[in-house]
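Residue numbers (our numbering), protein chains in the order written: chain P, 760 to 1075; chain C, 101 to 433.
Incorrect hints may have been included.
Said to hold, decoys possible - Ranges of calculated distance between the beta carbons of each label pair, as one might list FRET restraints:
1. C:E118 with P:P930: 31 to 41 Å
2. P:D1057 with C:L192: 51 to 61 Å
3. P:T899 with C:Q365: 51 to 61 Å
4. P:H873 with C:R109: 52 to 62 Å
No lab work stands behind these hints, which were simulated from the structure alone. Note that beta-carbon positions come from the ideal geometry of N, C-alpha and C, so glycine has one too.
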Amino acid sequence: MSAVETMTRKERRAERRRAAGRIMPPEGVELGLPIAGIGARLGAQITDILLTLGFAVSLVILLVFTDIAGPNTVTVIGSLLFFAIRVPYYILTELVWNGQTLGKRLMKIKVVSHFGGPLTTHALVLRNILKEAEVFLPATLVLTLTAESALASWIAFAWVLMALAIPLSNPHRMRLGDMLAGTHVVHLPDPILLSDLAKTPVSTAREEDKPITFLSHQLDHYGRFELQTLETLLRAQDGRIQANQAARNTATLASIVERIRKKIGYSDAVAPEDHEAFLRAFYNAQRAHLEQRQIFGDRRSDKHHRAEKAENGPKT
Amino acid sequence: MSDDAVLIRSARFRQEREADWVRLEALVTKAEKGGAQTLDFAEARDLASLYRQATTSLAIAREISLDRALLNYLEALAARAYLSVYAPQERLGGIFTRFFTQSAPRAMRQSWFFVLMGFLCLGLGAFVGYILYFESADWFYVFIPAELAGGRGPDASTEFLRSIIYDEDPEASGLGAFATYLFSHNTRIAIFVFGLGVFACLPAVLLTFYNGLLIGAFVALHVDRGLGWDIGGWLSIHGVTELSAICIACGGGLKLGAAVLFPGQRTRSEALRHAGRDALKLALIAALMLLAAAVLEGFGRQLIQDMTTRYAVGWGIGLLWLAWFVLAGRQRA
Chain P
760 MSAVETMTRK
770 ERRAERRRAA
780 GRIMPPEGVE
790 LGLPIAGIGA
800 RLGAQITDIL
810 LTLGFAVSLV
820 ILLVFTDIAG
830 PNTVTVIGSL
840 LFFAIRVPYY
850 ILTELVWNGQ
860 TLGKRLMKIK
870 VVSHFGGPLT
880 THALVLRNIL
890 KEAEVFLPAT
900 LVLTLTAESA
910 LASWIAFAWV
920 LMALAIPLSN
930 PHRMRLGDML
940 AGTHVVHLPD
950 PILLSDLAKT
960 PVSTAREEDK
970 PITFLSHQLD
980 HYGRFELQTL
990 ETLLRAQDGR
1000 IQANQAARNT
1010 ATLASIVERI
1020 RKKIGYSDAV
1030 APEDHEAFLR
1040 AFYNAQRAHL
1050 EQRQIFGDRR
1060 SDKHHRAEKA
1070 ENGPKT
Chain C
101 MSDDAVLIRS
111 ARFRQEREAD
121 WVRLEALVTK
131 AEKGGAQTLD
141 FAEARDLASL
151 YRQATTSLAI
161 AREISLDRAL
171 LNYLEALAAR
181 AYLSVYAPQE
191 RLGGIFTRFF
201 TQSAPRAMRQ
211 SWFFVLMGFL
221 CLGLGAFVGY
231 ILYFESADWF
241 YVFIPAELAG
251 GRGPDASTEF
261 LRSIIYDEDP
271 EASGLGAFAT
281 YLFSHNTRIA
291 IFVFGLGVFA
301 CLPAVLLTFY
311 NGLLIGAFVA
321 LHVDRGLGWD
331 IGGWLSIHGV
341 TELSAICIAC
351 GGGLKLGAAV
361 LFPGQRTRSE
371 ALRHAGRDAL
381 KLALIAALML
391 LAAAVLEGFG
401 RQLIQDMTTR
411 YAVGWGIGLL
421 WLAWFVLAGR
431 QRA
């Protein structure tokens, strides 16, 4: 049985979602750009609507005060202004800011080309023109509905439902406009360069102690998952630990050291003040060992790697 | 432990490249803040080459490193740099110029068949409406809803019809009329004709045909009362532009529908995406023409009361549109 067949429905969905957040640029190295959720999209959209609507309303107020327009045409002119402001607004901001309106900048999300490569003018114009049909037309219908026209209300209702259902039904959260234009919306990732743990010097409490070393067979127990969990724990040690949590932290370190010692068969006792140094030394040794194995084609994803190998072994 | 020789391989890998990554990060931040035009020559050159280096580093790090912090950083950095490097590099002025001088007229010429079909639908509708009216005037009520007719119909007096053609109602002119017009019947028709084309052409054809019926019956009513030339002038001044806009929108819709019906070697969604390139331009042209028609309706129709001038202005502007579509954007051989 292949791995794909044995996956449950939930796993398959998670796999699809993971695959959706990846883009292949022309350079041929897959990049991870997480798909923006409906909440962030909605937030950006509402911000943009408020901005354009506010601008249109202030213009209408200006018109009323300068007496250019008669009172009976104000509503028509107002809706015309709103239309005339918002259509260029979306297209021009996304063109100038490379796929970001002001609302999207605020929410730190961005339109990207679905197939890698640059965003074209055509794609941006198309996705924003279709926004009129998808978002504003049904919204206007809903706002102007009257109780008499039952058919119109049902059509508007179905339309709104469809506009909401399409993004929810595909893993890229694409609207109809996104599909036709070949775009989708992603979260902008934030690059934060943390220090390299392997470069932090490991110092035991007493200088005269010999450095903590591990034997090769002691490093065969754990895999990538455990290593990276340990990395997270050690990075947390660099941060400030509050006084009320210090005791609990010490206890956690002690229990982890105990478990590791037991698992790998490390017989020497570790003094309580050396717990952190022991873990750092173990991290370095374990990482060097696992990376070495990986270069030789032996990827170990977690501590069950031996069982997996035994299972797959006879077949291969 | 910090001695280079003792460091593990992936830590050395990082140490050698870290300065480049930090520089790339600074360049990306600068490009994102002020746009790529704020970079000078050396910076722009470095951005591109450092981005390619970073993607290579990412590919290698995925193979040799288990440092999650490093992998996350490189992934985010390469993604940000990718978005900066592949940003659209065209000025807004350039985009507008290209649309008006090249892509719009070319799209029109490329889809001449569909636009012609649009005109045919409307013309055929008008012809049928005209014939049917003379068969029985009651067809007028069938085709034209009462709120659109505005009191005009077979029962109305000839004087009333004439007064509408040559009216001087100050309330109905200027900005208000302009705005009212844009939200009127015909704009909605144009939007629907374009949008519904996707559903296998049929709704777009029907709607355009029906719109033709309206016009045919309407003209027939006035011809019946001996106002044929006058209604011609009244319609010409904005109608040439406006009805052409509807036909062009119909052409765009038909293009989309044809892509759905006959995708050829492509998949349907691919064909639709391909047809969308020209169809979108047709829609933009139609929108532009409707805007022009609204200006003519809001201001021109009230200012120009002379029949001959109305004909001249209406068809003159029509000729200008035609010249744009036929002559602009041709490559010189």
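Quick rundown of the hints versus the structure:
1. Between E118 (chain C) and P930 (chain P), the C-beta spacing of about 35 Å keeps the proposed range 31 to 41 Å intact.
2. Restraint check, D1057 (chain P) to L192 (chain C): a C-beta distance of roughly 55 Å satisfies the suggested window 51 to 61 Å.
3. About 40 Å separates the C-beta atoms of T899 (chain P) and Q365 (chain C), a value inconsistent with the hinted range of 51 to 61 Å.
4. About 37 Å separates the C-beta atoms of H873 (chain P) and R109 (chain C), a value inconsistent with the hinted range of 52 to 62 Å.
The structure does not agree with the numbered hints 3, 4 stated previously, though it agrees with the rest.
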